[in-house]
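One-letter residues, chain by chain:
There are 2 protein chains.
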Amino acid sequence: MGGSELRFLAPFRGEVLDVPPIWLMRQAGRYLPEYRATRAEAGDFLKLCYTPKLAAEVTLQPIRRYGFDAAILFSDILVVPDALGQAVRFVEGEGPRLDPIRSADGVSRLTLAGAVSKFDVVAETVQRLRQDLPHETALIGFCGAPWTVATYMVQGQGSSDQAEARLWAYRDPEGFEGLIDLLVAASIDYLDRQVKAGADCLQIFDTWAGSLPDDEFDRWVVKPTKTIREALRELHPDVPVIGFPRGAGATAVWYVSETGVNGIGCDTATPPFVMSEAFDEEDVVVQGNLDPLLLVAGGEKLDERVDEILDLMEGKRFIFNLGHGIVPQTPPENVGRLVERVRSKG
Amino acid sequence: MGGSELRFLAPFRGEVLDVPPIWLMRQAGRYLPEYRATRAEAGDFLKLCYTPKLAAEVTLQPIRRYGFDAAILFSDILVVPDALGQAVRFVEGEGPRLDPIRSADGVSRLTLAGAVSKFDVVAETVQRLRQDLPHETALIGFCGAPWTVATYMVQGQGSSDQAEARLWAYRDPEGFEGLIDLLVAASIDYLDRQVKAGADCLQIFDTWAGSLPDDEFDRWVVKPTKTIREALRELHPDVPVIGFPRGAGATAVWYVSETGVNGIGCDTATPPFVMSEAFDEEDVVVQGNLDPLLLVAGGEKLDERVDEILDLMEGKRFIFNLGHGIVPQTPPENVGRLVERVRSKG
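Read top to bottom, the protein sequences are chains A and B.
In terms of the numbering used here, the first sequence is residues 1268 to 1613.
In terms of the numbering used here, the second sequence is residues 1268 to 1613.
In case anyone wonders, no lab produced these hints; they're calculated from the structure.
Accuracy of the hints is not assured; some may be wrong.
You can't tell identical chains apart in this list, so a pair holds if it fits in one copy or across any two.
Pairs of lysine-lysine residues, derived as DSS-like cross-links and limited to a Cα-Cα distance of at most 27 Å, are as follows [stated by the list, open to error]:
id: 1; residue 1: K1490; residue 2: K1568
id: 2; residue 1: K1493; residue 2: K1568
id: 3; residue 1: K1612; residue 2: K1568
id: 4; residue 1: K1583; residue 2: K1612
id: 5; residue 1: K1385; residue 2: K1493
id: 6; residue 1: K1385; residue 2: K1463
Construct all of the structure, not just a fragment, from the sequences and the given hints.
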């Protein structure tokens, strides 16, 4: 089946399906015993990302179990800084650690040329997946948005307020822009390689888009995403790009209009029907937004909410997804129940 | 000066001032050396909240320095669970700790009757402040919203995703509702006592409003806040209530319409001009939303942004504030610079 006929891509072609396509953020992950086994085999988390055979295997695992309409490349948004030369390590139970970069001098030590070999390893995973995936399954490539990736590079780890990146952006906007510009260039190159290797669709994860006031949101979230979107359109006009500006709330509509993304991922707090209504005349696919914790709870409440979302989105160009990634304590059978419920629609 | 002529209350009377009233969330706090001294004198954080002389002193400190248009009672949102019988302790450098409540049985051991003596201690602070505050300074009372307070009571501490409260609400909505109902009743009683003791205005802090999908947001954020708002209106029709549903984003407009709050606090990511435009015909005062980290950075960028916010809000019923609380590393002189800049307007 050629990319353009994939069921997953129908909403981007302007089609409304009776049963919306479904995939789930972090569908390959710790809630699956087979993932935990492959993860143990790899030893280190980044080694899992950089070993095409194993990364492809964990990407395929949820497809085998649930038959989602799309697979998403298994990787991590911090592959980009790691490839650029800011070594990333994952501390068990704590998360990622990087030696923080907080000056133009630190940025100058990173190189895009040096990143290519690691990007190509990820592209090899994509190639492998393109071979091994069922013909009817779309393959989503992805990267972290420059802003979100920068927050980790500047903080040196995850944080609840992204304070160091925000402070650097206020105190030395030109210096911080150097980092963002490098990430824009790297993201374009990285996504281009993913598409050339076989990705049918791309998602840009902007997990920390919600911490910024409007002027900073425009400069560090909207404009870089727009540059990436436009560059990709030149290179691959038919490959849709989904933006996921988590927490953008009242400014998510603006994000869509300005960046030119083809799809908008709604976080748990952003009702898809509200987002959809804001774009009645525009060609934007809405994706989301079941609460990952309701997928943990399961039961009739899960069924009822799934039905409610489907009812509210009937007749719209819609992709069923969560509002954030699957959490590790999710019972795998609840994911099966969800997929069955969505598919029993219509 | 009687409460009704207070400058701070002018926007609630429908007046547009050339220079908007200004106060800052967490204006009494660790960024001030005199606060740190009083805090050290009290020893324990909760003891500071429960000692009227000391709590009044730290409330007054930023008024002496900056002459804000309003003081906000110094207390903590966890006074309510503590008073209800779920002992709260503050661990230095880590935050609050409570023995988690996760069942109707746990709720049944809490009592509103037992809370009164601690509420009255807080009311004594309010009385003291009413005497000691300059006549032109309004006094804001407050409580945490039931949802946000419940997230701490169920989790037993702060958390980034409020998972335990959300899971309980999904698995046993009736049981969780028992906790919310108790918090609604306690909040009404607590705020009533604050007004009787001299508070001119009330704010309801819903720090974790942004984690909920629309149906849960309606049940656990909007409806309880509406009940509190309506009860207070019966008791004290002239006392305005400001809601601060942090992270509500696209659903903040709905929150205002449904709850009947008189003012809406905009978080850092919610542009006040967007919020204001949504309520052109309604009697809602918009408050916010300078980034607390820009107050850390200071400099010309701070001046420019203050001017921009003032320009965008010109002619609107507006209260100048931050989008979240002052952070401890804020240089006190930047707060002075901000106040001067706002006051030099017009």
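Status of each hint after checking the structure:
no.: 1; hint: K1490 / K1568; in the structure: between (40 Å within a copy, 20 Å between copies)
no.: 2; hint: K1493 / K1568; in the structure: between (39 Å within a copy, 25 Å between copies)
no.: 3; hint: K1612 / K1568; in the structure: within (17 Å within a copy, 53 Å between copies)
no.: 4; hint: K1583 / K1612; in the structure: within (14 Å within a copy, 48 Å between copies)
no.: 5; hint: K1385 / K1493; in the structure: within (25 Å within a copy, 54 Å between copies)
no.: 6; hint: K1385 / K1463; in the structure: within (15 Å within a copy, 66 Å between copies)
Consistency note: the structure conflicts with none of the earlier hints.
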